[in-house]
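A.B. asks: Dock chains B and C against the given chain A, drawing on the hints supplied.
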Amino acid sequence: MSRRDIAAVLSFSIVAMFFIFGALMIHPFGAPDETGMDDNIITNAQTETGANNAVTSVVFDYRGFDTLGEATILFTAVAAVIMIFRRLNK
Amino acid sequence: MILEAIHIILPILIVAAAAFAVLTKDLIAAAIAVAAMSLLLSLEFYILQAPDVAIAEAGVGACLTTAILVIAIKATKRMEEEA
Amino acid sequence: MSGMSKIVKTISSITFPLITIYGLYVIAHGHLTPGGGFQGGAIVASGCAMMLVSYGSIWIVSRVKEKNLSILESLGAVCFILLALLGLGFGAVFFNNFLVGTNSLFGVVPAAGSGLADINTGGVIPLMNFAVGLKVIAGLFGIVLVMAHASRTKGEKK
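Chains as they are written, first to last, in our numbering: chain A, 40 to 129; chain B, 242 to 324; chain C, 6 to 163.
Think of the hints as simulated: they come from the structure by calculation, not from any bench.
Any given hint could turn out to be false.
Said to hold, decoys possible - Straight-line C-alpha distance at most 27 Å; calculated BS3-like pairs for lysine-lysine:
1) C/K72 x B/K315
2) C/K11 x B/K315
3) C/K70 x C/K11
4) C/K70 x C/K14
Same shape as in the complex, but just chain A (with noise of 0.2 Å):
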């Protein structure tokens, strides 16, 4: 058994443990911490967005900077793989 095999064990054995001890401490299923923001959101969406789907109108209204984040991000990928890939369909 060589140093990498022993560095391996132990790396794996430490990550398995805090993923065990994470999995041990989370709070019950279908009981979430009590917060004023989700009830906040789910009382008054309706009628701030007019939107029947909470979801989307937390996506797009509440938190609209997520939404403006997620499409740089897809904007910097599709960007970066048409620059690299366009000198291959010359």
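C.D. replies: What follows is chains B and C alone, placed relative to chain A:
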């Protein structure tokens, strides 16, 4: 009762598909296994009542990722080589 | 990447309009039902990728130019940011929903607690869905098209 059974069976199938994708030497079979894993994962999202994530996962994970992987495998070699 | 057999081409031609209509439905009803711009765009791009795989990239490239897809993607991004800036102009803040409550296009507010699926609601959310949907369709299909067309000679050689 049946929902709990599905909640137990689906993650086992997901892990099995992921393990098959890692262990097999045929890269086309690995790409199909990743697609199956994405489809099962979207089913899991659906029964966890997150249909938005399920639609996105089924569209991107099961179709577009598989298309990109198959195109890349077609441009290189199909069988994995021993390092 | 060359095309596949005639059976695959026929089945793809039949199912491609259905997939496209379903994806456009998911985009247009993003503020009423689960889904939205990204999800519907991914569905439409999946249908386009199916056509690409069955007909081959040379047939597709003779009809759809990758330059036009790039322009469409940039147009979607510009529309999205422009709608957000209009919120800054008409309302108070960036991403303000300035159309809601005006009873104009998409401006009707549904009664609180109602599950009424009226499409003429939502303010700027449907317009943003269209912009993001256009961006995702053009972007994801552009990626797949460019990659498939770059690997065409290698695939035909075998």
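A.B. asks: Work down the list of hints and note, for each, if the structure agrees.
C.D. replies: Hints and how they fare:
no., hint, in the structure
1, C/K72 x B/K315, "24 Å, holds"
2, C/K11 x B/K315, "21 Å, holds"
3, C/K70 x C/K11, "24 Å, holds"
4, C/K70 x C/K14, "21 Å, holds"
Consistency with the previously given hints is maintained throughout, with no hint failing.
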